[in-house]
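Each chain is listed here by its residues.
2 protein chains.
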Amino acid sequence: MSKIEIIQGILDANEATATGNRAVFDKNDCLAVNVMSAPGAGKTSFILRTIEALSADTRIGVIEGDVVSTVDAEKVHDVAQAVIQINTKGMPESCALVADMVHVALQRMPIEDLDLVLIENVGNLLCPTEFDLGEHLKVVITSTPEGHDKPLKYPVIFAQADALIINKADLLPYVDFDMEEFTRTVRNLNASVQFFPLSCKTGEGVAEWATWLRDQRQRR
Amino acid sequence: MSKIEIIQGILDANEATATGNRAVFDKNDCLAVNVMSAPGAGKTSFILRTIEALSADTRIGVIEGDVVSTVDAEKVHDVAQAVIQINTKGMPESCALVADMVHVALQRMPIEDLDLVLIENVGNLLCPTEFDLGEHLKVVITSTPEGHDKPLKYPVIFAQADALIINKADLLPYVDFDMEEFTRTVRNLNASVQFFPLSCKTGEGVAEWATWLRDQRQRR
Chain S
952 MSKIEIIQGI LDANEATATG NRAVFDKNDC LAVNVMSAPG AGKTSFILRT
1002 IEALSADTRI GVIEGDVVST VDAEKVHDVA QAVIQINTKG MPESCALVAD
1052 MVHVALQRMP IEDLDLVLIE NVGNLLCPTE FDLGEHLKVV ITSTPEGHDK
1102 PLKYPVIFAQ ADALIINKAD LLPYVDFDME EFTRTVRNLN ASVQFFPLSC
1152 KTGEGVAEWA TWLRDQRQRR
Chain A
952 MSKIEIIQGI LDANEATATG NRAVFDKNDC LAVNVMSAPG AGKTSFILRT
1002 IEALSADTRI GVIEGDVVST VDAEKVHDVA QAVIQINTKG MPESCALVAD
1052 MVHVALQRMP IEDLDLVLIE NVGNLLCPTE FDLGEHLKVV ITSTPEGHDK
1102 PLKYPVIFAQ ADALIINKAD LLPYVDFDME EFTRTVRNLN ASVQFFPLSC
1152 KTGEGVAEWA TWLRDQRQRR
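Same order as they appear, the protein sequences are chains S and A. Sequential numbering from 952 applies to the first sequence in my numbering. Sequential numbering from 952 applies to the second sequence in my numbering.
Keep in mind that the hints were calculated from the coordinates and are not lab data. There could be a bad hint or two in this list.
If several chains are the same, the list does not tell them apart, and a pair holds so long as it fits within one copy or across any two.
Stated by the list, open to error - Dumping the calculated SDA-like pairs for lysine to any residue here, alpha-carbon to alpha-carbon at most 25 Å:
1) K1040 / G1156
2) K1026 / R1135
3) K1040 / L1140
4) K1026 / R1138
Nothing here was measured: the structure is a model prediction, and the numbers come from that model.
When you get a sec, could you build the whole thing from the sequences and use the hints?
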C-alpha cells in the first residue's frame, strides 16, 4: 500500500512539473517534441536530419537524455541553436527522462529564442511512457531491423505516439519487416497516429516528416 | 530517504529470492541463462537457434518475459521441453523480470528433467541490470543495426555480460557498425566477456556459441 502511494506521489509531482514546462514552451511559442525509441533505432540521426531539414527557418534547441556520456550532445552541438545534455545516472531514475530534468534544462536554454525543442529521451520503449515531460508531441521511432512485432510487445508507447517514424527504410530489402502488418497493428492501438517511413542514412522520406512537423508548429 | 530504503528493500528481497532460484537450478544440475537485449535485437530468434543447435543432447526449458502478449512463447512452444510465459504487465514492474517471477515460473516447470533454462528478459538495456534472477550466466545480445556506440550509452549491461552476442552479422555490409571499435569499447568495460558474432537469420556463427554454452554446462 505504501509503495503505491509513493509511486503515485512521484507521478503526481511529475505531472505538475510537466504542466509547468508546457506553460514555458507555450509562452515562448516554442513547439516541444519528445523523441522516444528503443536503443539504436536512430534518435540522434533523426534529430540531426530534422535540424538539417528545418534549420533555414526554424531555431532549434535539443535536450539530450542519456544514462551516461555526452556522445549524442557532441554530435548535435554544431548544428543546433542550443544543446543541453542530461545524464540520468543510475537506476531506477535512469530508465527515462522525467519532467524535472527538462525543467532544469529549460532554465539553462535561451527558450525565448527557440521555435522548436527536440527532447531525445533515453533509449527505452517502456519507462518513457510513464513520464509526461511537458511536450506537445510524442514521436516514436521504430527501425525496420527491430521487426514488425514491436507494437504487440510494447503497445503503450505506440498507443501514445502522435507521429511514428519507421527508420532504416533503406534496410527493408534485407530484413523481415512486414510494413502492412506493422501498420495494421499500430492502427488498432492508435487511430490518429501519422506514419513516416524514412531513412536517416539516405535522407529518403525526411522531407515529408519535416513538412508535417513545420505544419504542426504553425497550427499552434 | 524513505524512497531509498524501500528500493533497497526490494533489491534485498530480490537477491534472497534469486539465491533460492540458483539453489534450485544447482540442485537439479540445470544451467540457467539470462538473455538480455534492446527490443528487436533478436532474443527469441537467438533462443530458437540455440535450441536447434543443442536439442539433440540437451533438454531445454524457456522462461519468456514480456510486458504483454504470448507471441514469443508461441514461437518457442513446439521446440522447447517446457515453456512458461511471464507477463510483467504495467510499469514500474514491467521494465525487467525480477527473481520472484522466475521463482513462480520454476514451480510450474519440470526442472528436474531439464539441463538448461533460457530466460528471455524484457527488451531493455537498463532495468534488467538491477535484478539478479538466480541465473548462472548473463548473455547480452546487441545487433549490428543498433550501432557500435551502445556500450558507451548503456555500460552497465555490457560490463555484466558473460557472453556478448553480436547478432544480425548478415547486415554488416549495409550498416555502420565498426566491429573493432565496438570490441575495444566493451573490452574496456569487461575484460573477460566472450564475443560471438552471428546471424540468427542465416545461422552463421551459431555453432561457435552453442559449443561454448555446452562447454559451460559441462564445467559445472
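Tested hints:
Proximity of K1040 and G1156 under a CA criterion of 25 Å is satisfied in neither setting, with 35 Å inside one chain copy and 35 Å between copies. With identical chains, the CA atoms of K1026 and R1135 are at most 25 Å apart between copies only, with a shortest distance of 21 Å across copies and 35 Å within one. For the identical chains of this complex, K1040 and L1140 are inter-copy neighbours only, at 17 Å across copies versus 32 Å inside a copy, given an alpha-carbon limit of 25 Å. Within a single copy, K1026 and R1138 get their C-alpha atoms only as close as 34 Å, which misses the 25 Å cut-off; across copies the closest is 24 Å, which meets it.
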